Amino acid sequence: MPIKLPFRQRGRDLPADLWTKCPDCGEMLYNKQLEKNLRVCPKCSHHFRLRVDARLAQLLDEGTFEERDAGLESLDPLGFVDQKPYPERLAAARASTGIRDAAIWGLGAIGGHRVAICVMDFAFMGGSMGSVVGEKVTRAAEVARADRLPLIVVSSSGGARMQEGTLALMQLAKTCAALGRLADAGVPYVSVLADPTTGGVFASFAALGDVNLAEPKALIGFAGARVSAGTIAETLPEGFQTAEFVFEHGFVDRIVPRAELRDALIELLLFLGPRPTPRPTFAENGTGNGILSRPLAALLDPLAGQEARRG
Amino acid sequence: MAERSVGLVQPQKIDDDALRETVWTRVQQARNVKRPHTLELVRLMATDVVELHGDRLFGDDPAMVGGLCRLDGRPIVFVGHQKGAEVEENIARNFGMPHAEGYRKAMRLFRLAERLGLPVVTFVDTPGAYPGAASEERGVAEAIARSIQVMAGLRTPIVAVITGEGGSGGALAICVGDVILALDNAIYSVITPEGCASILWRTPDAAQQAAVAMRITAGEQQALGVIDRVVSEPADGAHAAPDETARRLREQLVPLLDELAERDLDVLLHQRYDRYRQMGSFADTGPHAPPRVERPTIADRLRVLLGSGRSVLSGDLGPLRPGAADEVDEPPLREEI
Numbered sequence: 180m181p182i183k184l185p186f187r188q189r190g191r192d193l194p195a196d197l198w199t200k201c202p203d204c205g206e207m208l209y210n211k212q213l214e215k216n217l218r219v220c221p222k223c224s225h226h227f228r229l230r231v232d233a234r235l236a237q238l239l240d241e242g243t244f245e246e247r248d249a250g251l252e253s254l255d256p257l258g259f260v261d262q263k264p265y266p267e268r269l270a271a272a273r274a275s276t277g278i279r280d281a282a283i284w285g286l287g288a289i290g291g292h293r294v295a296i297c298v299m300d301f302a303f304m305g306g307s308m309g310s311v312v313g314e315k316v317t318r319a320a321e322v323a324r325a326d327r328l329p330l331i332v333v334s335s336s337g338g339a340r341m342q343e344g345t346l347a348l349m350q351l352a353k354t355c356a357a358l359g360r361l362a363d364a365g366v367p368y369v370s371v372l373a374d375p376t377t378g379g380v381f382a383s384f385a386a387l388g389d390v391n392l393a394e395p396k397a398l399i400g401f402a403g404a405r406v407s408a409g410t411i412a413e414t415l416p417e418g419f420q421t422a423e424f425v426f427e428h429g430f431v432d433r434i435v436p437r438a439e440l441r442d443a444l445i446e447l448l449l450f451l452g453p454r455p456t457p458r459p460t461f462a463e464n465g466t467g468n469g470i471l472s473r474p475l476a477a478l479l480d481p482l483a484g485q486e487a488r489r490g
Numbered sequence: 010m011a012e013r014s015v016g017l018v019q020p021q022k023i024d025d026d027a028l029r030e031t032v033w034t035r036v037q038q039a040r041n042v043k044r045p046h047t048l049e050l051v052r053l054m055a056t057d058v059v060e061l062h063g064d065r066l067f068g069d070d071p072a073m074v075g076g077l078c079r080l081d082g083r084p085i086v087f088v089g090h091q092k093g094a095e096v097e098e099n100i101a102r103n104f105g106m107p108h109a110e111g112y113r114k115a116m117r118l119f120r121l122a123e124r125l126g127l128p129v130v131t132f133v134d135t136p137g138a139y140p141g142a143a144s145e146e147r148g149v150a151e152a153i154a155r156s157i158q159v160m161a162g163l164r165t166p167i168v169a170v171i172t173g174e175g176g177s178g179g180a181l182a183i184c185v186g187d188v189i190l191a192l193d194n195a196i197y198s199v200i201t202p203e204g205c206a207s208i209l210w211r212t213p214d215a216a217q218q219a220a221v222a223m224r225i226t227a228g229e230q231q232a233l234g235v236i237d238r239v240v241s242e243p244a245d246g247a248h249a250a251p252d253e254t255a256r257r258l259r260e261q262l263v264p265l266l267d268e269l270a271e272r273d274l275d276v277l278l279h280q281r282y283d284r285y286r287q288m289g290s291f292a293d294t295g296p297h298a299p300p301r302v303e304r305p306t307i308a309d310r311l312r313v314l315l316g317s318g319r320s321v322l323s324g325d326l327g328p329l330r331p332g333a334a335d336e337v338d339e340p341p342l343r344e345e346i
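Chains as they are written, first to last, in my numbering: chain A, 180 to 490; chain B, 10 to 346.
Next up, chain B with everything else stripped away, as it sits in the complex (with noise of 0.2 angstroms):
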């Protein structure tokens, strides 16, 4: 039996409160407002910041900025979701939670480096897209889906920084790269846990158990493969010392901008493509009968009728019923921002 698998075989242990304990501090250490956001950080790393606004179609999301910069004299594009430190700087920052028009912003952006040959940096923070009327009218599924699909074909080394929160395709969109590093105290997940929960559980009190279950801390991330490097914070956290947390991201950056410039461009996208194609974790059973295309007639179900007992203990999957569809009994698995 081909298998593919990766990582975590154990199931995991949600109950155990030590365990809660430790995820979750990392879960309020992710979302601590005084955490140095994409601004700050490279103001902090970085000289000669020149900020770009707008997307060039509707408007200028300020959940989500970039522009241009200098690393260590190494000109680059950098784009990052932007949470405010205050509450008033929150609101009109829309606490990191971007509208399409900040999606599209980043993918100018990101167009803007392929053409200058500069490489990107992405600073991901962000609980997830925004979830209103306004967000789905101007497109934001699509938005997402292009900016992931441009990421995945720029012609220009591309590294993502998971900064803080990483949630979901809002956090995808600008976290598709070469190489994923992540500060150790970020979190990644499908979804945040209060949705999980809310949706596995029937309670967003169950967050703790879901954060758990879901495995969303930085080294569990790098477990898994999904992302490539921790980068350690300072000892009580990225917020205590931004400027050495600064330091420590630029430290990485640098030498890394450098080794990813040397790569044959042909040779980084097939790489990236690779990076992506190989996730995942399933096995292959073989060879199995198509499901059946026809209706089944009274003498088919008389078939399944008696034959089912047989079917039961040989694994083999009966014909399918129309109606199953429409009468799901699980709560609808989806991501709730």
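Next comes chain A alone, as it looks inside the complex (with noise of 0.2 angstroms):
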């Protein structure tokens, strides 16, 4: 008789085999060299999505990740049941992807640059968005701010988690709030969209960068293509949701091919990073979309200014 041992299925661990085939030029790829090529085809250059870790791996400096909130783990708060109880399928998800939801955050060091960085990972249910998720942008957000360190944010993402409802909504709600919150400061956020970045995670933190980055050919749109096909009669345009469709229409700043990414960004912090003093802030505002707040109005204005003194 067998012995039964409580191994997990040899596959979760290992690789099921050594090899992948990229699903664009049909060419076999040795994985080990895949990896070192950061996950991108080398003949074709078709980004495969990017594990968290080497993410984090490949944009940070040696060393400086200090994970933050690694504990958080969504509760169910609907008592969902699908086909499966919820709780069982962020088990089984946990179990499966290595960790706890789908977006780790921390505080990093980009080119010598400190930052507070959030990464998403598709694996874990899609990326999809639940209250950790929300909670963990937000906290990022809130830490960037009290801090002054510029924020990143890497999306990868199908949307919302349906498992929490409208709870999972509200998390569009929070982290835009608090990305309002940030913008006020003047402090500085960068959204890296990379395949995909799609419904309530790009209608909400991952359209709001002050400099959107994109990956190419990433997925990158609102509504699921098969509803826009499907629901309404229309043809989609050529390249529809794709990164490089974004950029035409001016929603992202770059397309940046990976091997670039971690450059373009010391770049960006070169201009972006912590200043000596604060700039005036756009408070009274509240969306730092560039009314002038009383401050600011108060230092241009000569008269504000002169009752400012005899007060």
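These are computed hints drawn from the structure, not numbers from a lab.
Every value quoted in this text rests on a predicted model; they were computed, and no experiment measured them.
Relax, there's no trap hidden among the hints.
Which stretches of chain A does chain B cover? Using the computed rule of at least three CB atoms under 8 angstroms from a CB of chain B, they are:
id	stretch
1	229–237
2	295–302
3	371–382
From the derived model, a few chain A residues whose C-beta atoms are all more than 10 angstroms from chain B:
id	residue
4	Ser224
5	His292
6	Arg433
7	Arg437
Glycine residues also receive a C-beta, built at the ideal position from the N, C-alpha and C atoms.
Assembly of the complex is requested from the two constituent chains, each provided in isolation within its own frame, with the hints serving as guidance.
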């Protein structure tokens, strides 16, 4: 009789095989080579999705990452059941992905510039945003604001997590509100959109960067392409919902190949990095959209200045 | 273990026929084309209604309306989704599904309200933002995100009323405020029941189960803390007596606006931020080792293989498998509209 050991399936811990087929050009790629090449196909430069550990390793200076709030785990606020209860799905995702939810955040350095960084991982339930993802992005923004560190968020997500219902939807409001305060404080935020960035993540923090960068050919869009094509009889334009499409329409600043992403961030951080003195804020507006704040207006308005001196 | 949890902990009984029936009746009520929409409600409850048009950037979205009016003598700015009551009007209104310009029009009016010091009342009733090519080209996602952000920081009181369908980000984009009301047949969800069903059940026929599972009714949303107050409708539903519905809404809105006007703006904004800040449901299970950043060597892999029995029992998570994100076996969990 075979002895049953509580081993997980081999495939979970070890690569099922040594080779990966590129879905774009069909080339068989040796996995080690692929990882060395930052999971970009050397032949056609198809960008495979990057796990959170590899992303952090690529972007950050070695040994600088300190993870924050590592223990956050989603609960099941709705008692959600579809074909499986939500807690079972969560447990399965934790076991198969090795992470506790779809985002990790912490402090680190990029080219010597201290940053707050939050990275999403599509492997965990499609990178969907539930309470934990929303909370981590929000905490990252709040710490970035308090410590005046540039914020970087790398998105890779199908959107809000249905199993948390409207509480997942509320994460859009929570993150946008926190980013509004960050912008008001004059602290910069760079959003990196990796494949895929769709739904509620694109319709909240991912779209709101002071600078938005995207990886080549990443799927970036609001509504599921299936619905767009299905529910409304419309032919979709060429390259619909790709990084190139949103770039052409003015919603990202640059498309940056993965190998150049770290350098592109360093280049930006030279401009965006912390300054010796905080700049005047846009606090009155609350949106960072450029309406002059009262303190700034006072600086520009000589009469207001005189009143202030008299007072 | 620090926990932050809300309301509804019992697993939902999605196969309970009576429950499904009740919930689905509400969904149908919320979608009833004869239900009074923003302009009808505003005309019934307010005086001196002046509708304003255009986003000053691209065009005027007929699916989103807004303007100025007086509620019991008090000037306010109103903004809301607009569906049509007849087929033709509904087509003209794009079934209440705004494009990017709709949300930019809303933002323009929010900022106007801020400058004039007028409170904002929004009326939410949409299946979702329009999911088409034109919408994507003009950046509907950016418009929604920006509108949420503008509302979160707007220096004037905001009350939102969900009058029918609160469909995902397209609804939330004008549903951020100090107090959120809902008519009792209104629904609020992260994705349409049909969309949820076709992803999680792989068939839209399971929409009724999805509606139950997502707890989309106004009462359940109140229990979750997402909305603050449920306003009861006349016996046969809002469509049967629009004027009575408008009267009941005004009865709630007027004292609420008076109360909000009393509050100091800094306090109000602080409270509004906190309201959204505390939304979510999670536990902090304490510190864990960060994920391994170095690539696993053969020795690591052997160690993992030998240690996997222990790790399963102890709950420790192994190193991350690089290919996992490209082979997700779950369907993409995205909102469809």
